[in-house]
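Undergrad: Once you've looked at the hints, go ahead and assemble the two chains, each given alone in its own frame, into the complex.
Protein chains in written order, with the UniProt record's numbering: chain A, 1 to 242; chain B, 1 to 255.
None of these hints come from the bench; they were simulated from the model. One thing to keep in mind: the hints can contain errors.
[To be verified] Using C-beta positions, here's what the derived DEER-type ranges look like:
#	chain 1	residue 1	chain 2	residue 2	range
1	A	111	B	22	23 to 31 Å
2	B	177	A	66	24 to 32 Å
3	B	82	A	151	44 to 52 Å
4	A	222	B	5	28 to 36 Å
5	B	193	A	72	50 to 58 Å
6	A	54	B	177	30 to 38 Å
7	A	72	B	246	32 to 40 Å
8	A	233	B	27	55 to 63 Å
9	A	222	B	9	44 to 52 Å
10	A	224	B	95	44 to 52 Å
11	A	54	B	162	29 to 37 Å
[To be verified] Far from chain A by the CB rule (all over 12 Å, computed), these chain B residues:
#	residue
12	19
13	24
14	27
15	109
16	123
17	140
18	165
19	166
20	198
21	235
22	243
Virtual Cβ for every residue (Gly too), placed ideally from N, Cα, C.
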Amino acid sequence: MATIEAIGLSKRYGARNALDGLTFAADAGEVIGLLGPNGAGKTTTIRLLTTILEPTGGTFAVAGVPSDQPHRIRRRIGVLPESAGYPARQTGAEYLRYAARLFGSSRHDARAVAGRLLTDVGLGDRAGARISTYSRGMKQRLGIARALVNDPAVVFLDEPTLGLDPAGQREILSTIAAIAERRGATVVLSTHTLTEVEQVSGSVLILDHGRLRAAGPLAGIVAGAGSLSAAFLDLTGESGHD
Amino acid sequence: MTRWTVVAEQESRDLWIGGRGPVLVFGFSVLLSAMTYLAATNQAMNFLEQREAVNLTVQVGLAVGVLLTVVVSADAISGERERGTFEALLLTPVSRRAIVVGKLAAAMTMWLACLAVTLPYLWVLGRGVAGAGQAALLALTVGTLVAVGLGGIGMLFSGWTNSNKTSLAGGLLLLLVLFAPTQLPALPRTGFGQVLTRINPIGSALHYVSQILVGRRGWTNDLSYLAAPVVVALVVVAVLIAAGPRLVRLTAGLR
Numbered sequence: 001m002a003t004i005e006a007i008g009l010s011k012r013y014g015a016r017n018a019l020d021g022l023t024f025a026a027d028a029g030e031v032i033g034l035l036g037p038n039g040a041g042k043t044t045t046i047r048l049l050t051t052i053l054e055p056t057g058g059t060f061a062v063a064g065v066p067s068d069q070p071h072r073i074r075r076r077i078g079v080l081p082e083s084a085g086y087p088a089r090q091t092g093a094e095y096l097r098y099a100a101r102l103f104g105s106s107r108h109d110a111r112a113v114a115g116r117l118l119t120d121v122g123l124g125d126r127a128g129a130r131i132s133t134y135s136r137g138m139k140q141r142l143g144i145a146r147a148l149v150n151d152p153a154v155v156f157l158d159e160p161t162l163g164l165d166p167a168g169q170r171e172i173l174s175t176i177a178a179i180a181e182r183r184g185a186t187v188v189l190s191t192h193t194l195t196e197v198e199q200v201s202g203s204v205l206i207l208d209h210g211r212l213r214a215a216g217p218l219a220g221i222v223a224g225a226g227s228l229s230a231a232f233l234d235l236t237g238e239s240g241h242d
Numbered sequence: 001m002t003r004w005t006v007v008a009e010q011e012s013r014d015l016w017i018g019g020r021g022p023v024l025v026f027g028f029s030v031l032l033s034a035m036t037y038l039a040a041t042n043q044a045m046n047f048l049e050q051r052e053a054v055n056l057t058v059q060v061g062l063a064v065g066v067l068l069t070v071v072v073s074a075d076a077i078s079g080e081r082e083r084g085t086f087e088a089l090l091l092t093p094v095s096r097r098a099i100v101v102g103k104l105a106a107a108m109t110m111w112l113a114c115l116a117v118t119l120p121y122l123w124v125l126g127r128g129v130a131g132a133g134q135a136a137l138l139a140l141t142v143g144t145l146v147a148v149g150l151g152g153i154g155m156l157f158s159g160w161t162n163s164n165k166t167s168l169a170g171g172l173l174l175l176l177v178l179f180a181p182t183q184l185p186a187l188p189r190t191g192f193g194q195v196l197t198r199i200n201p202i203g204s205a206l207h208y209v210s211q212i213l214v215g216r217r218g219w220t221n222d223l224s225y226l227a228a229p230v231v232v233a234l235v236v237v238a239v240l241i242a243a244g245p246r247l248v249r250l251t252a253g254l255r
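The following block holds chain B by itself, in its conformation from the complex (with noise of 0.2 Å):
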């Protein structure tokens, strides 16, 4: 086992026994039973179409499971600056980007989780239209993506400061920068607002998503706005491991 799994294992065990990992995930499917009651009364009467029942349940489970990761992998570099813990790993002989990935990687069982949660939902609410498996596999591959990128911006945060606080604020600033617009009834579709559409991680990858389950449409005929997901998480990764060894130092900006 290379030294990168070594920190993900046990930051994964930190996450999930004993720490805050099951209740994050207790109130997210506190959020998505209440939403999903709601999407099946609406669809009992007739207010809301099945397809769009299941494509709303993968939209929320989507923006809050990545919510969720950007709030695990903020805590991540500058959490263990606050609670003093982060010298003794840095006097390993593991290397900077092996904590950085395996930081990571531990923090993606976060969005892993959400996305487990969301299955049974989507499979109540998908039953007949062939629609579950198609949705739950798109949760999988586009809310993966958006997750690596913005839970690698949430670290790269946690990277350059000191403050939990301060990395925590940014990342769910930016979360609510990239989420609000998609829930704007008036962008329009054509010029800017389509140019708006396509550079937003999140807003492109839930058009994306909803062409394929409402509205039908083939895995290929829209793949160009998976773009903006696609550069955002391999570019945030590249980043973070380009700038590891900056980033993961005993205080931020101090050599």
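If we strip away everything but chain A, and leave its shape as in the complex, we get (with noise of 0.2 Å):
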């Protein structure tokens, strides 16, 4: 069963087009890789799905609610935004508490949450510690961690390895993987990284200024080209891109 379903999705910024009829589809426990150079539409396709922005043109459901109810899909999808911004005064578990709570959970219910996820993402021994004091693949754990926090049907993951050192990107990829397959969750994750994709999606959707242009399983795109790379080089016209 589809858990996204986007039908002819676009984005006009006056004269500009960040998006234009995109279209696509994705199932519970994939895990799909969003890519294009930079411009190409990735972050507005996100901010669009997570009801964040509104569309021109085009309609779109996420975990089965259509998208005239922005409010019931915020219930159901979890987003780790890119170059997201943390409240530095706050500790871990004070955010993550905040977070469940304005999901709906009690005191008692968000304080369980924010320990359970600090612990699930490496950080419960940070807990208590002011989110200053965290390195950036500590902040972007504790990102992913409140992306989790109402137990999501879909997750948006916008560039989680941005800055990241080889070992936190590891670790952040192992966590995707597990969301996906414990959760049961569809994520979509938006990267410049191919790697990245090759070794946790299922299936990729190529964007480049707005415009689709490849979707599907990777084992397709990549047969056509020999890599994803050369897919990706193909399809964009980009260079030096790994």
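TA: What follows is the structure in structure tokens.
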């Protein structure tokens, strides 16, 4: 059953088309890689599907909820936004408790959820430390924990490994794989790093200048060009990506 | 607990625990201490009648308390946009209106803290004339009206702009424009001057307070002077609630 369905999704800013007629579907438990060069429309796609922006055309449904019920969609999704900011003075536990309470948890449940998720992402021993003392990798893991606070059906991760060292990247990727496997959630992974998509994704969307250039199982896209990198470069005319 | 109260609770914690709330209130108390010392010494030398000293303290407490409330509310939305923390809040199922109301309620805690700091000074200056209790009640009612109205305008500025500096500058400029006429000694008390005083929520509120504390008039005698603060508070809250979904967006101006 499709947990994400987008039909002709478009977003215009004045005369500029940030996204033009995106149509795709994703199933439960699937990790879908969202690829494209800078300005391709990856973040716009995520912001549309997460109801932060309103589309100028097209329709979509996330977790079975149509786009005209944004508050219901937000109940069913978890998001790690691109370059997310964190309240420096809050502790990791306080940050997650607040998020859980905004999703309707009681004080007691919010405390339990925060403790469990912090342990899951390896921050259990730093739960009481202020976020300002966290490294970049720890903040990314905290952001992923926040995205899971409402036990979402669909998780959107926008550049989750940006600025992380190889060990940090590996940790995040294993967390992403676990989200899809153990929770059965659909994960939309937006990234510039093609090797990450090859490691964890079963299918891929490749965007360029707001248009969908390719969509489908990773194996199918790789088979035509020999490698994901070659396929990406063919489809986008880009060079310099790994 | 409804969602706006969850937002208000956390915003208040962020303001008062490790935030700038205590620093602002400390500065406020230093200012009030200096002002009270001057008022008390002038009173001792018979330059200032006791009721005038109490009135002066209420007026300074109200003006500066509202100023600090505007400083906090003007940061509420644009500040989060600048710090990159707003998107996470927008991604929750909490309604945009609940976010606005929660943030305004948290900003009001700044006014309540300023009021609490003002009370001992009123008690010291107003002992014996039965004016301290009345002054405290006036500060609570009239000051809260003005703080809700102008704090709400600060939040509107905050929602309309992506820059914290712009929203803060807008809020402070508005306060300056409203407060400056109250300090003009030659403002005529009839005709145009009277109209200016009545339409100015700060000017009319301060006039109402001084009529009761210094002029010893009843609470109902000059009630019409409260029209501007009441109307501004009601209209601003209504606009905030009605326009909440348009104000509370990731970027000001874009849909």
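Undergrad: Determine for every hint whether it applies to the structure shown.
TA: How the hints compare with the structure:
1. 111(A) to 22(B): 23 to 31 Å: holds, 26 Å
2. 177(B) to 66(A): 24 to 32 Å: violated, 47 Å
3. 82(B) to 151(A): 44 to 52 Å: The hinted range 44 to 52 Å is violated for residue 82(B) and residue 151(A), with Cβ atoms some 31 Å apart.
4. 222(A) to 5(B): 28 to 36 Å: violated, 52 Å
5. 193(B) to 72(A): 50 to 58 Å: About 56 Å separates the Cβ atoms of residue 193(B) and residue 72(A), which means 50 to 58 Å holds.
6. 54(A) to 177(B): 30 to 38 Å: Holds, since residue 54(A) and residue 177(B) (Cβ atoms, about 36 Å apart) stay within the stated range.
7. 72(A) to 246(B): 32 to 40 Å: violated, 20 Å
8. 233(A) to 27(B): 55 to 63 Å: With a Cβ separation near 59 Å, residue 233(A) and residue 27(B) satisfy 55 to 63 Å, so the hint holds.
9. 222(A) to 9(B): 44 to 52 Å: The hinted range 44 to 52 Å holds for residue 222(A) and residue 9(B), with Cβ atoms some 50 Å apart.
10. 224(A) to 95(B): 44 to 52 Å: holds, 47 Å
11. 54(A) to 162(B): 29 to 37 Å: This hint is violated: roughly 18 Å between Cβ atoms.
12. 19: violated, 7 Å
13. 24: With a cut-off of 12 Å, residue 24(B) remains clear of chain A, as the shortest Cβ separation is near 15 Å.
14. 27: Consistent with the label, residue 27(B) stays out of reach of chain A, its closest Cβ about 19 Å off (over 12 Å).
15. 109: The claim stands: residue 109(B) keeps its Cβ more than 12 Å from every Cβ of chain A (closest is about 16 Å).
16. 123: holds, 34 Å
17. 140: holds, 30 Å
18. 165: Check passes; 18 Å lies beyond 12 Å.
19. 166: holds, 19 Å
20. 198: holds, 42 Å
21. 235: Residue 235(B) clear of chain A: closest Cβ-Cβ about 27 Å, beyond 12 Å.
22. 243: With a cut-off of 12 Å, residue 243(B) remains clear of chain A, as the shortest Cβ separation is near 16 Å.
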